[in-house]
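Could you build the full structure based on these sequences and the hints that come with them?
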Amino acid sequence: MPKVRFATAWLGGCSGCHMSFLDLDEKLIELADKIELVYSPIADAKEFPENVDVTLVEGAVANIDNLKLAKEIRKRSRLVVSFGDCAVTGNVPSLRNKLGVDDVLTAVYHEGPGRHPTGGDEIMPQLLPKVLPLHQVIHVDAFLPGCPPDPDRIWAAVNALLAGEPLVLEPEMRTFG
Amino acid sequence: MSVVTLTINDELVSAQEGQTLLSVLQERGIEVPTLCHLDGLSERGGCRLCMVEMEGSGRLQAACVTQVQEGMVVSTHSERLVKYRRMILELLFSERNHVCAVCVMNGHCELQWEAAKIGMDHVRYEYLNPDLPMDASHERFVVDHNRCILCTRCVRVCDEIEGAHVWDVMGRGVNSRTIVDLNQPWGTSQSCTSCGKCVQVCPTGALFSKGATVAEMEKQHNFLRWILDGREKKIWSYENGK
Chain A
2 MPKVRFATAW
12 LGGCSGCHMS
22 FLDLDEKLIE
32 LADKIELVYS
42 PIADAKEFPE
52 NVDVTLVEGA
62 VANIDNLKLA
72 KEIRKRSRLV
82 VSFGDCAVTG
92 NVPSLRNKLG
102 VDDVLTAVYH
112 EGPGRHPTGG
122 DEIMPQLLPK
132 VLPLHQVIHV
142 DAFLPGCPPD
152 PDRIWAAVNA
162 LLAGEPLVLE
172 PEMRTFG
Chain B
18 MSVVTLTIND
28 ELVSAQEGQT
38 LLSVLQERGI
48 EVPTLCHLDG
58 LSERGGCRLC
68 MVEMEGSGRL
78 QAACVTQVQE
88 GMVVSTHSER
98 LVKYRRMILE
108 LLFSERNHVC
118 AVCVMNGHCE
128 LQWEAAKIGM
138 DHVRYEYLNP
148 DLPMDASHER
158 FVVDHNRCIL
168 CTRCVRVCDE
178 IEGAHVWDVM
188 GRGVNSRTIV
198 DLNQPWGTSQ
208 SCTSCGKCVQ
218 VCPTGALFSK
228 GATVAEMEKQ
238 HNFLRWILDG
248 REKKIWSYEN
258 GK
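From first to last, the protein sequence lines are chains A and B.
FYI, in this note's numbering the residues of the first sequence are 2 to 178.
FYI, in this note's numbering the residues of the second sequence are 18 to 259.
It should be emphasised that the hints constitute simulated quantities derived from the structure, not laboratory data.
Glycine residues also receive a C-beta, built at the ideal position from the N, C-alpha and C atoms.
Watch out, some of these pointers could steer you wrong.
Label-pair restraints from in silico Cβ distances [what the hints assert, rightly or not]:
#, chain 1, residue 1, chain 2, residue 2, range
1, B, Q33, A, L163, 38 to 44 Å
2, B, P202, A, D103, 27 to 33 Å
3, B, L108, A, E173, 23 to 29 Å
Set out below in structure tokens:
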């Protein structure tokens, strides 16, 4: 059987979901037999490849780089999964939404120590006016809530996805937070 | 008291006249979600989660404020009802800033749990992200309007059980806020007895004990039963395990 072309991506989040993914521990060996990891923060791939079967996306859409990658992921993946609360709800990154971009940049950089990045100068990607959950930007096929989703949830979800089954988790396994 | 017979989900059921439909459902183990309802407080019919379908009526009725009637034909879990309940929960989440991951009630919150139970794995509506204050002026408690769902349990427990009526609601629609006395900082209230009943009945992290951080707040409602059993039935002590 050909291996499933599997990817994970990291948008506006803390990488905690990826840490939790690594906490699959010895199950990762089992997973490695079934998948080919074609793109991930923990793999050496610069470009998001074509013809990906399943992509787990961690993080909210907070800046123009996130937005660009999200659209690329959608175009090149058969199944896109919102992986963790930031992708599902906006979560902690979206706490800035009530403040407005200028006020955030002023508080963090202009009034902070050192030189401030201006955004739009190709060094720091420009922030979007509001941090958005992934499904408000692209179509998302399945949702895996949790901050982070614990390894049991990830394992249940990955197994369902690899088997081509719909992702339906038990209530205890689909709480936010 | 006379007995009435009604049909719930195609099953004949008898109930006492004057009973609410919700109490009959609960007696029979038919679980409908609730948020504003709390055993021991008056009913409000505000959250609309316990809505049911009733034959002969196009309108949905909140089971908590509907009295049983002879011949009533009720359906509690139709596709339409489940769809509307999920919509209500999504709207609650989108209206204020319910960020479970950084909430004092994470893991113990009734709103969080109702959402998980009904299968709300994401919110389809745009988040409003309103700029709402917190009031930490009280010596022992904090109110965080970001988490409030306006269930008014705090208003009712303070009025009906404690008898102080510190809490009320100001404004209309999306601008509604719970307020203390004449809309003043909680710490300056002269009517508040600092009993903490409002904190204990609050289903979310809107009211919490000062010093609690993420996931540390747990609430218990048993005191309501103890107080009411004492007042109404003169029961002042309980056997072990009761």
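Here's how the hints hold up against the structure:
| no. | hint | verdict |
| --- | --- | --- |
| 1 | B:Q33 x A:L163: 38 to 44 Å | violated, 54 Å |
| 2 | B:P202 x A:D103: 27 to 33 Å | holds, 30 Å |
| 3 | B:L108 x A:E173: 23 to 29 Å | holds, 24 Å |
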